[in-house]
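These protein sequence lines map, in sequence, to chains H and C.
Under the numbering used here, the first residue of the first sequence is numbered 1, with each subsequent residue one higher.
Under the numbering used here, the first residue of the second sequence is numbered 1001, with each subsequent residue one higher.
Derived from the structure by calculation, the hints contain no laboratory data.
Even glycine gets a Cβ: it sits at the ideal position worked out from N, Cα and C.
Do not take every clue at face value.
[Unchecked claim] Here are the simulated DSSO-like pairs of lysine-lysine, each with C-alpha atoms no more than 27 Å apart in a straight line:
1. H:Lys-105 - C:Lys-1057
2. H:Lys-3 - C:Lys-1057
3. H:Lys-68 - C:Lys-1101
4. H:Lys-108 - C:Lys-1101
5. H:Lys-68 - H:Lys-105
6. C:Lys-1083 - H:Lys-41
7. H:Lys-105 - C:Lys-1101
8. C:Lys-1101 - H:Lys-41
[To be verified] Chain H residues, not near chain C, derived (Cβ > 10 Å throughout):
9. Ser-12
10. Gln-14
11. Lys-17
12. Thr-20
13. Ser-42
14. Lys-68
15. Ala-69
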Amino acid sequence: ELKVEQNPLFLSMQEGKNYTIYCNYSTTSDRLYWYRQDPGKSLESLFVLLSNGAVKQEGRLMASLDTKARLSTLHITAAVHDLSATYFCAVDILQGGSEKLVFGKGTKLTVNP
Amino acid sequence: DGGITQSPKYLFRKEGQNVTLSCEQNLNHDAMYWYRQDPGQGLRLIYYSQIVNDFQKGDIAEGYSVSREKKESFPLTVTSAQKNPTAFYLCASSIGGAYEKLFFGSGTQLSVL
Chain H
1 ELKVEQNPLF LSMQEGKNYT IYCNYSTTSD RLYWYRQDPG KSLESLFVLL SNGAVKQEGR
61 LMASLDTKAR LSTLHITAAV HDLSATYFCA VDILQGGSEK LVFGKGTKLT VNP
Chain C
1001 DGGITQSPKY LFRKEGQNVT LSCEQNLNHD AMYWYRQDPG QGLRLIYYSQ IVNDFQKGDI
1061 AEGYSVSREK KESFPLTVTS AQKNPTAFYL CASSIGGAYE KLFFGSGTQL SVL
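Hey, can you work out the whole structure from these sequences and the hints?
See the structure below:
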């Protein structure tokens, strides 16, 4: 059974600091997605990583994928309060002839002034 | 504007009652999905449908039922057999099952009275 583990699950950081969220998964996959969720809201797609070595950046967030290590990272640079949200990674696998998206439990990020 | 509309935003269920959550999309997407989200957890797949009049069980289908009579609509019924229905339910759609084009609705919070 595929496991997708995010680390840490809770992250409290100060504005202006840098930090990295990790997403490990237990089976082969070349596709990984990062989503953001604000409290009581839907999920917003942040990054789609489709191959080994893929790196995507948007503003203060940068995501990367190492398929050999089965690891993706979401790096936050000079955090601001607006980045406070829960971040999910999700891995796309083929199971029983169908594609399936398996989510991690999420990392709740709080950026303090 | 194209998008996915879920209704209602909040829903309360009495014991033994079936309730139906609505999901409508005007994106002309073939594939639609229902996910359940519990506090502090990732999303878990309940049911999905790749084409009209066809759907498959996800990881936690017990106690739920769906229909796909029209391309635009994918309602989810939470039956009385679902003993722990309190959760946030998210509907999503994509072009032909391609997760990189996954769009989410705004969600329905279901609670038990």
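Each hint tested on the structure:
1. For the hint linking Lys-105 (chain H) to Lys-1057 (chain C), the alpha-carbon distance of about 21 Å falls within 27 Å, and the restraint holds.
2. Restraint check for Lys-3 (chain H) and Lys-1057 (chain C): satisfied, since their Cα atoms lie roughly 19 Å apart, inside the 27 Å limit.
3. For the suggested pair Lys-68 (chain H) and Lys-1101 (chain C), the alpha carbons sit about 25 Å apart, so the restraint of at most 27 Å is met.
4. A distance of roughly 24 Å separates the Cα atoms of Lys-108 (chain H) and Lys-1101 (chain C); the hinted pair therefore holds under the 27 Å criterion.
5. For a cut-off of 27 Å, the pair hint linking Lys-68 (chain H) to Lys-105 (chain H) stands: about 22 Å separates their Cα positions.
6. Among the hinted pairs, Lys-1083 (chain C) with Lys-41 (chain H) is consistent with the structure: their alpha-carbon atoms are about 25 Å apart, no more than 27 Å.
7. For a cut-off of 27 Å, the pair hint linking Lys-105 (chain H) to Lys-1101 (chain C) stands: about 21 Å separates their Cα positions.
8. The straight-line distance between the Cα atoms of Lys-1101 (chain C) and Lys-41 (chain H) is roughly 19 Å, inside the 27 Å bound, and the hint therefore holds.
9. For Ser-12 (chain H), the non-interface assignment is confirmed: its Cβ lies about 16 Å from the closest Cβ of chain C, beyond the 10 Å cut-off.
10. A cut-off of 10 Å between C-beta atoms confirms that Gln-14 (chain H) is not in contact with chain C; the least separation is 24 Å.
11. Distance check for Lys-17 (chain H) against chain C: the nearest CB is about 24 Å away, which clears 10 Å, and the non-interface claim stands.
12. Under the 10 Å C-beta cut-off, the non-interface status given to Thr-20 (chain H) relative to chain C holds; the minimum distance is some 19 Å.
13. At roughly 4 Å, the least C-beta separation between Ser-42 (chain H) and chain C is not larger than 10 Å, which violates its mark as non-interface.
14. Every C-beta of chain C lies more than 10 Å from that of Lys-68 (chain H), the closest at about 21 Å, which supports listing it as non-interface.
15. Every CB of chain C is more than 10 Å from the CB of Ala-69 (chain H) (nearest about 21 Å), matching its label as outside the interface.
In this structure, the one hint that does not hold is number 13.
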